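S.K.: Spelled out from the first residue to the last, the chains are:
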Amino acid sequence: MAKHHTDPLGLHSALEDWMLPVLVAAMSFLAALAVAGALASTVLAAQWQTDTAAALTIQVPQPSAPDAAGNATRLAAVQAALQTMPGVSSPRLLSTDALNHLLAPWLGTDAAALGLPLPAVITATWSGPGPGDAIAAALNKPAPGTLAQTGVQWAAHVTALTGSLQTCAAAVLVIVALVGGALVALATRAGLAQRRETIEIIHGLGAQDGDIASRFASRATALAVAGAAAGALVALPVLLWLAALAAPFSGPPQLNGLQHGLSGLPPALWTALPCLPLAAAVIGWSSAQLTVRGWLRKLV
Amino acid sequence: MIRFDDVWLKYRHQDRSPGALARDVLRGVDFKIPEGGFRWLTGPSGAGKTTLLKLIYLAEHPTQGRIDIMGTHAARISRRDAALLRRRIGVVYQDFRLLAHLSAYDNVALPMRLARRAERQVHADVTEILRWVGLANRLGALPDELSGGEQQRVAIARAVVGRPKLLVADEPTGNLDDEQASRLMTLITALNQLGTTVIVATHNHALVSAYPAPRLEIAEGRLTAHG
Numbered sequence: 001m002a003k004h005h006t007d008p009l010g011l012h013s014a015l016e017d018w019m020l021p022v023l024v025a026a027m028s029f030l031a032a033l034a035v036a037g038a039l040a041s042t043v044l045a046a047q048w049q050t051d052t053a054a055a056l057t058i059q060v061p062q063p064s065a066p067d068a069a070g071n072a073t074r075l076a077a078v079q080a081a082l083q084t085m086p087g088v089s090s091p092r093l094l095s096t097d098a099l100n101h102l103l104a105p106w107l108g109t110d111a112a113a114l115g116l117p118l119p120a121v122i123t124a125t126w127s128g129p130g131p132g133d134a135i136a137a138a139l140n141k142p143a144p145g146t147l148a149q150t151g152v153q154w155a156a157h158v159t160a161l162t163g164s165l166q167t168c169a170a171a172v173l174v175i176v177a178l179v180g181g182a183l184v185a186l187a188t189r190a191g192l193a194q195r196r197e198t199i200e201i202i203h204g205l206g207a208q209d210g211d212i213a214s215r216f217a218s219r220a221t222a223l224a225v226a227g228a229a230a231g232a233l234v235a236l237p238v239l240l241w242l243a244a245l246a247a248p249f250s251g252p253p254q255l256n257g258l259q260h261g262l263s264g265l266p267p268a269l270w271t272a273l274p275c276l277p278l279a280a281a282v283i284g285w286s287s288a289q290l291t292v293r294g295w296l297r298k299l300v
Numbered sequence: 001m002i003r004f005d006d007v008w009l010k011y012r013h014q015d016r017s018p019g020a021l022a023r024d025v026l027r028g029v030d031f032k033i034p035e036g037g038f039r040w041l042t043g044p045s046g047a048g049k050t051t052l053l054k055l056i057y058l059a060e061h062p063t064q065g066r067i068d069i070m071g072t073h074a075a076r077i078s079r080r081d082a083a084l085l086r087r088r089i090g091v092v093y094q095d096f097r098l099l100a101h102l103s104a105y106d107n108v109a110l111p112m113r114l115a116r117r118a119e120r121q122v123h124a125d126v127t128e129i130l131r132w133v134g135l136a137n138r139l140g141a142l143p144d145e146l147s148g149g150e151q152q153r154v155a156i157a158r159a160v161v162g163r164p165k166l167l168v169a170d171e172p173t174g175n176l177d178d179e180q181a182s183r184l185m186t187l188i189t190a191l192n193q194l195g196t197t198v199i200v201a202t203h204n205h206a207l208v209s210a211y212p213a214p215r216l217e218i219a220e221g222r223l224t225a226h227g
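First to last, the sequence lines map onto chains A and B.
1 is the number of the first residue of the first sequence in our numbering; add one for each residue after it.
1 is the number of the first residue of the second sequence in our numbering; add one for each residue after it.
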């Protein structure tokens, strides 16, 4: 009995070009980086937003001068007020050494030697609502001129930056998807040109547009999925390395890949990476179908 | 079964520019072939025989006029229905049009597989028709491994394997010796007697004389004789 032939269009030779899977692998690699970037920025931004928004810095000018009531120094009055203030916790007076260290870029290593009237600086954790204007108002009563600043404004900047990064990542994914679709369309058109006579014969024998398009789409999808899977695998070590770089900024072990192996990658990334071949399948199938059906419309 | 009503076909020149002249290939062709009829299509080379056949097997659309094939208005048929109608038409092309990467068996099996027939039935029908055309021992041969006559017989087998309602053949005996040509005509007349409508284009006057049937004669795109 003659061998059953399941590929009447001969697509295994018409679309065997290694270029398609290799280029799709490159697109998949870029997509993996974009997804990882978006996820990392989300995780890091959440961490930074919490830290920044919670930071409260208080400057007390003339800390040794008597407070408004004349009972203690201004610094002591402010410290006492902070102990009972709702939303404020863990107040800590910066030492002279710490202050000198902070001011060193501008005033040198011994700011006190310059004779400048430096304020006392207190750091605390702020868990109350709003930017902390009420704190400054309350502290100005015993110690006029006291400044209080929370990180809420900085947190807003971090939020805006994160949003921009995520938008960029989404744009990269859209571009990668479009380029991937175009690559499949180009490969399919090349296959159609190579198999033109065969397709005309099969069309003449009564093949439906869907029959022909499905055969091309199946082949293109298989190649695209293989390429995307390869690209995602190649991206893994790079993602682990990037996760290790990001680890010091991310707090608890969410992105510390090299230390914890594959389990160091965030769970969301483990969901996203297998989605790349699936996305490639959808793009490959739909792009090939559209290309073939459009091409077949030229036939009577 | 087949009805041509004032059918014109005009080919544009290759450059397709607005000023390019068009050439009339068919001019006002009218004829009818009843279901189960047999017609020879004769005429000199370039007269329009192949073009007329292409219109019948839905490979061309007329520029003007109406064509009905098996009761269907060809210009108004959907792409899906056109494909289904093509499955009921067996075509023997002048240049065979076999798929080079498929064996003789798979070439002949193709129309049945496109029609999603059961593989057991495909096997039975394909081996039987290839045996009938004398190629039982060449089932696995690729077209390049077959002679011109053998390729033509594969093309004929492919055209008739699905027991079409309409058989269109363009110079089907061109590469066959007398014995094979006679064998082919026996097959075609047998199909015709079973109800298949047949139209055969040929230059072979001896063949036409040997199998008397009404004739469509075409010259310079016009039908000059019918009946």
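Hints listed in this document are in silico derivations from the structure and should not be mistaken for laboratory results.
Since the model is a prediction, treat every value here as computed from it, not as a measurement.
Incorrect hints may appear among the rest.
[Said to hold, decoys possible] No more than 20 Å apart at the CA atoms, straight line, and that leaves these computed lysine to aspartate or glutamate pairs for DMTMM-like:
1. A:Lys298 x B:Glu60
2. A:Lys298 x A:Asp133
3. A:Lys298 x B:Asp81
S.K.: None of the hints should be skipped; say for each whether it holds.
M.R.: Checked hints:
1. A:Lys298 x B:Glu60: holds (11 Å)
2. A:Lys298 x A:Asp133: Violated, because 71 Å separates the two Cα atoms, which is more than 20 Å.
3. A:Lys298 x B:Asp81: holds (17 Å)
Checked against the numbered hints above, the structure breaks only hint 2 and satisfies the rest.
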